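Residue numbers (our numbering), protein chains in the order written: chain P, 1 to 563; chain F, 1 to 104.
Treat the hints with care, since some could be wrong.
What the hints assert, rightly or not - Calculated from the model, a selection of chain F residues having no Cβ within reach of chain P, i.e. all distances over 10 Å:
{"id": "1", "residue": "Thr7"}
{"id": "2", "residue": "Asp40"}
{"id": "3", "residue": "Gly43"}
{"id": "4", "residue": "Asn54"}
{"id": "5", "residue": "Ile64"}
{"id": "6", "residue": "Lys74"}
{"id": "7", "residue": "Ser99"}
What the hints assert, rightly or not - Lysine-lysine pairs mimicking PhoX-like chemistry, simulated, CA-CA at most 20 Å apart:
{"id": "8", "chain 1": "P", "residue 1": "Lys111", "chain 2": "F", "residue 2": "Lys15"}
{"id": "9", "chain 1": "F", "residue 1": "Lys98", "chain 2": "P", "residue 2": "Lys100"}
{"id": "10", "chain 1": "F", "residue 1": "Lys36", "chain 2": "P", "residue 2": "Lys480"}
{"id": "11", "chain 1": "P", "residue 1": "Lys482", "chain 2": "P", "residue 2": "Lys76"}
{"id": "12", "chain 1": "F", "residue 1": "Lys98", "chain 2": "P", "residue 2": "Lys101"}
{"id": "13", "chain 1": "P", "residue 1": "Lys527", "chain 2": "P", "residue 2": "Lys511"}
{"id": "14", "chain 1": "F", "residue 1": "Lys39", "chain 2": "P", "residue 2": "Lys242"}
{"id": "15", "chain 1": "P", "residue 1": "Lys275", "chain 2": "P", "residue 2": "Lys527"}
{"id": "16", "chain 1": "F", "residue 1": "Lys57", "chain 2": "F", "residue 2": "Lys9"}
{"id": "17", "chain 1": "P", "residue 1": "Lys101", "chain 2": "P", "residue 2": "Lys111"}
{"id": "18", "chain 1": "P", "residue 1": "Lys482", "chain 2": "F", "residue 2": "Lys15"}
Claimed, not checked - Residues of chain P clear of chain F, computed beta-carbon distances all greater than 10 Å:
{"id": "19", "residue": "Glu30"}
{"id": "20", "residue": "Asn56"}
{"id": "21", "residue": "Asn96"}
{"id": "22", "residue": "Lys143"}
{"id": "23", "residue": "Thr250"}
{"id": "24", "residue": "Lys275"}
{"id": "25", "residue": "Gly290"}
{"id": "26", "residue": "Leu397"}
{"id": "27", "residue": "Asn410"}
{"id": "28", "residue": "Glu412"}
{"id": "29", "residue": "Gly429"}
{"id": "30", "residue": "Glu467"}
{"id": "31", "residue": "His485"}
{"id": "32", "residue": "Asp526"}
{"id": "33", "residue": "Thr530"}
{"id": "34", "residue": "Asn542"}
No lab work stands behind these hints: they were computed from the structure.
Because the structure is a prediction, the values reported are computed rather than measured.
All C-beta atoms, glycine included, are put in the ideal place defined by N, C-alpha and C.
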Amino acid sequence: MKLAAQKIETDILIIGGGTAGCYAALTIAERQAEVTVLIAEKANIKRSGCLAAGVNALNAYIVPGQTPESYLEYVKNDAEGLIREDLVLSMAARLNQVTKKVEELGLVIQKDNNGEYVARGNRNIKINGENIKTILADAVTQKPNIKVLNRVNITDYIIKEGKIIGAYGFSLDSADFYVISAKSVICATGGAAGLYRPNNPGLSRHKMWYSPFNTGAGYAMGIRAGAEMTTFEMRFIALRCKDTIAPTGTIAQGVGAQQINSLGEEYEKNYGSPKTCNRLYSTVMENKNGKGPCYLNTVGITANQESELFKAYLNMAPAQTLRWFENGCGPAEADVEIEGTEPYIVGGHTASGYWVDTRRASTIPGLYAAGDVAGGCPQKYVTGCFAEGEIAALSALEYIEEKTNEWPSNAEVEESKASIDNYLSGEQGIYNIEDVEDAMQKVMDDYAGGISSGYTYNLPKLKVARERIDELIKLSNSLKAKDLHELMSIYEVIDRLYVCKVLIEHLAARKETRWHSFQENADYPDKDDTNWLKYVNSRFVNGEVNLILRDLVKRDEIYEHTH
Amino acid sequence: MSILIDTQKCNGCGKCREVCPGSLLYKNSKGKTEIKFPKDCWGCTSCVKECNFNAIKYYLGADIGGRGSFMYTKQEGNLLHWIIVAPDGTEKVISIDKSQANAY
């Protein structure tokens, strides 16, 4: 099979039709109806991205009595001070208006008798989020100036004279190689799962917290294009219900369940302040010290509470409700066992991703980033991704004024197409796609702080990981695809290998332990504020990951890149 | 994590193929839908909710506590019914009103 080139022209290309991408498209359509928008989505925007199964609550909202500044303080404290305050504050300032907008689109949000949203804690509101993605997709498809290309895998940006002028991709359904010219590109591909050996490596290998179909494409394309990346070393590892990898927060916050060990002791308080990473770290340590399994203490909740939990999980993580039925008893009769997941790179929860300015511009002109792929701004969750989609959209609109579409040369198009065609022709070597994926996940688990080492790493181990990942990148060049789905799988594994390569250098660079478990450097087990209240950034140049240490950006600063 | 598609019930309409976030569902030579990559299923139930023929059974792998039960859904206006079928055939139905927020 050989692909045939198809040219498409648009004003703004959005890569990824998930939470941030759909909201960015809607923002553009509503502000400037004459601007054309193309969403390139690898699946179908109706259920693609992180919200396929739904979402249980909106976890970033400024409830009465709170302010964007208090949200910032919460994020800053949870991230041990290492955030971009300008990004978090500009995101937090938009949380309530984007929520109102999505309610207008049809999202059910619980209200009290006075018409106020009902809070669940200090930053959360209650919703029925099972259909949140279909609501967004319906709104997008109703806009005449938004075109959606479903089932198209974008492979790389098109760069001309140092600017991003579009992207290349291929269809999953036909032998089409797309050359997309855009005056501006918004990257909203999400983060990266599947880097490390997962909790359930067999049949249920994809029963994971993060979408297994978010394979770091946006990071990898940015890395290959030489964009600056930040804070990859702040991995996200979720504390989840054992096996089903369903959320624990719904139980913990919903019915006030505490974490207990097998002796029935509440242990979280013994491991420092109640931060996201410490909830996980404390569970890892209890298991390490022989006090596991660990549980959420739900025994004794009422029948009504149990029934509401069954429903809440069906609305976002249905496997957990089925598991309770398979067990023959629900959470009222048996505590819910918990475990940590494999590490992910995800800028909506931690701070990993593109190094962007306050306007969400990457370091490459023409390219903006929003949502999980954008760095510096943890605890975005769903509404924060909407907010960033909006900011990136407004910035891209401003950028395209006076700009015209540009195209790569025919020789460049042929070269890019040939690199894809190469995977579709010739004989399969010794190793297939799954072999390379398994090897990558094993290397990362063994040598870069995966589940098996309790998330701990040291430099001698990282050196092994560095060598092995480089070998696997070489091996991946000889992979072959029998069909277009396999072609996508090849790109998914190659993209993750690039993310791993950069991640390893970031882990090695941070010579302290800033976030337990997320970044647990055995060579430097303590936090070092004197030397390491700095961002670890990097750029991939000529095959090497070049590290850049940057000073903290303050909240009142408008940060601009100095190219 | 995975699903089983009942080829007797599947009419090949393709609504499930369209929405799978992993693009894991394909039409087979008999015009029916099959899951080509069962190990790659996330378990999101997007396909289950699209199927009007109750042809898609959602189950837990034995590696994550599955003991042979499965689930499917039926839409009825604002209600989404989840039918959980135990290995002995007994059914339990949980109905969710989509116009109501979660209690937690």
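Evaluated hints:
1. No Cβ of chain P approaches the Cβ of threonine 7 of chain F within 10 Å, the least distance being about 20 Å, so the stated non-interface status holds.
2. Residue-level check failed: aspartate 40 of chain F sits 5 Å from the nearest beta carbon of chain P, not beyond 10 Å.
3. Non-interface call for glycine 43 of chain F relative to chain P: violated, since the shortest CB-CB distance, roughly 5 Å, does not exceed 10 Å.
4. Every CB of chain P lies more than 10 Å from the CB of asparagine 54 of chain F, the least distance being 16 Å, so the non-interface label holds.
5. A beta-carbon of chain P comes within 10 Å of the beta-carbon of isoleucine 64 of chain F; the shortest separation is about 4 Å.
6. Every C-beta of chain P lies more than 10 Å from that of lysine 74 of chain F, the closest at about 13 Å, which supports listing it as non-interface.
7. Residue placement check: serine 99 of chain F does not keep its beta carbon more than 10 Å from all beta carbons of chain P (closest about 6 Å).
8. About 34 Å separates the Cα atoms of lysine 111 of chain P and lysine 15 of chain F, which puts this hinted pair outside 20 Å; it is violated.
9. Distance hint between lysine 98 of chain F and lysine 100 of chain P is fulfilled; the C-alpha atoms sit about 19 Å from each other, no more than 20 Å.
10. The hinted pair formed by lysine 36 of chain F and lysine 480 of chain P meets the criterion: a straight-line CA distance of about 18 Å does not exceed 20 Å.
11. For a cut-off of 20 Å, the pair hint linking lysine 482 of chain P to lysine 76 of chain P is broken: about 48 Å separates their Cα positions.
12. Restraint check: the Cα-Cα separation between lysine 98 of chain F and lysine 101 of chain P comes to about 19 Å, which is no more than 20 Å; the hinted pair holds.
13. Simply put, lysine 527 of chain P and lysine 511 of chain P have alpha-carbon atoms about 9 Å apart, close enough for the 20 Å limit, and the pair holds.
14. Only pairs whose Cα atoms come within 20 Å are accepted, and lysine 39 of chain F paired with lysine 242 of chain P is accepted, the gap being roughly 19 Å.
15. Of the supplied pair hints, the one linking lysine 275 of chain P and lysine 527 of chain P holds, its CA atoms being roughly 15 Å apart against a limit of 20 Å.
16. Taking the CA atoms of lysine 57 of chain F and lysine 9 of chain F, the gap is about 11 Å. The hint holds against a cut of 20 Å.
17. Between lysine 101 of chain P and lysine 111 of chain P the alpha-carbon distance is near 15 Å, which keeps this suggested pair within the 20 Å criterion.
18. The straight-line distance between the Cα atoms of lysine 482 of chain P and lysine 15 of chain F is roughly 25 Å, outside the 20 Å bound, and the hint therefore fails.
19. Residue-level check passed: glutamate 30 of chain P sits 26 Å from the nearest beta carbon of chain F, beyond 10 Å.
20. Not every CB of chain F is more than 10 Å from the CB of asparagine 56 of chain P (nearest about 6 Å), against its label as outside the interface.
21. The claim that asparagine 96 of chain P is not at the interface with chain F holds, since no C-beta of that chain comes within 10 Å of its own (minimum 17 Å).
22. Interface exclusion of lysine 143 of chain P from chain F stands, the closest Cβ pair being 20 Å apart, more than 10 Å.
23. A beta-carbon of chain F comes within 10 Å of the beta-carbon of threonine 250 of chain P; the shortest separation is about 5 Å.
24. Non-interface call for lysine 275 of chain P relative to chain F: holds, since the shortest CB-CB distance, roughly 22 Å, exceeds 10 Å.
25. With a least beta-carbon separation of about 24 Å from chain F, glycine 290 of chain P lies farther than 10 Å from that chain, consistent with its non-interface assignment.
26. The Cβ of leucine 397 of chain P sits about 29 Å from the closest Cβ of chain F, beyond the 10 Å cut-off, so the non-interface label holds.
27. At the 10 Å boundary, the C-beta of asparagine 410 of chain P stays outside the reach of chain F, the nearest C-beta of that chain being 31 Å off.
28. Non-interface status of glutamate 412 of chain P relative to chain F is upheld: no Cβ of that chain comes within 10 Å, the nearest being about 28 Å off.
29. Annotated as non-interface, glycine 429 of chain P keeps its C-beta farther than 10 Å from every C-beta of chain F; the closest such distance is 21 Å.
30. Distance check for glutamate 467 of chain P against chain F: the nearest CB is about 29 Å away, which clears 10 Å, and the non-interface claim stands.
31. For histidine 485 of chain P, the non-interface assignment is contradicted: its Cβ lies about 7 Å from the closest Cβ of chain F, within the 10 Å cut-off.
32. Under the 10 Å C-beta cut-off, the non-interface status given to aspartate 526 of chain P relative to chain F holds; the minimum distance is some 37 Å.
33. Threonine 530 of chain P, annotated as away from the interface, keeps every beta carbon of chain F farther than 10 Å; the closest lies near 43 Å.
34. With 10 Å as the threshold on Cβ separation, the claim that asparagine 542 of chain P sits away from chain F holds: the shortest Cβ distance comes to roughly 35 Å.
Comparing the model with each numbered hint stated earlier shows that hints 2, 3, 5, 7, 8, 11, 18, 20, 23 and 31 do not hold.
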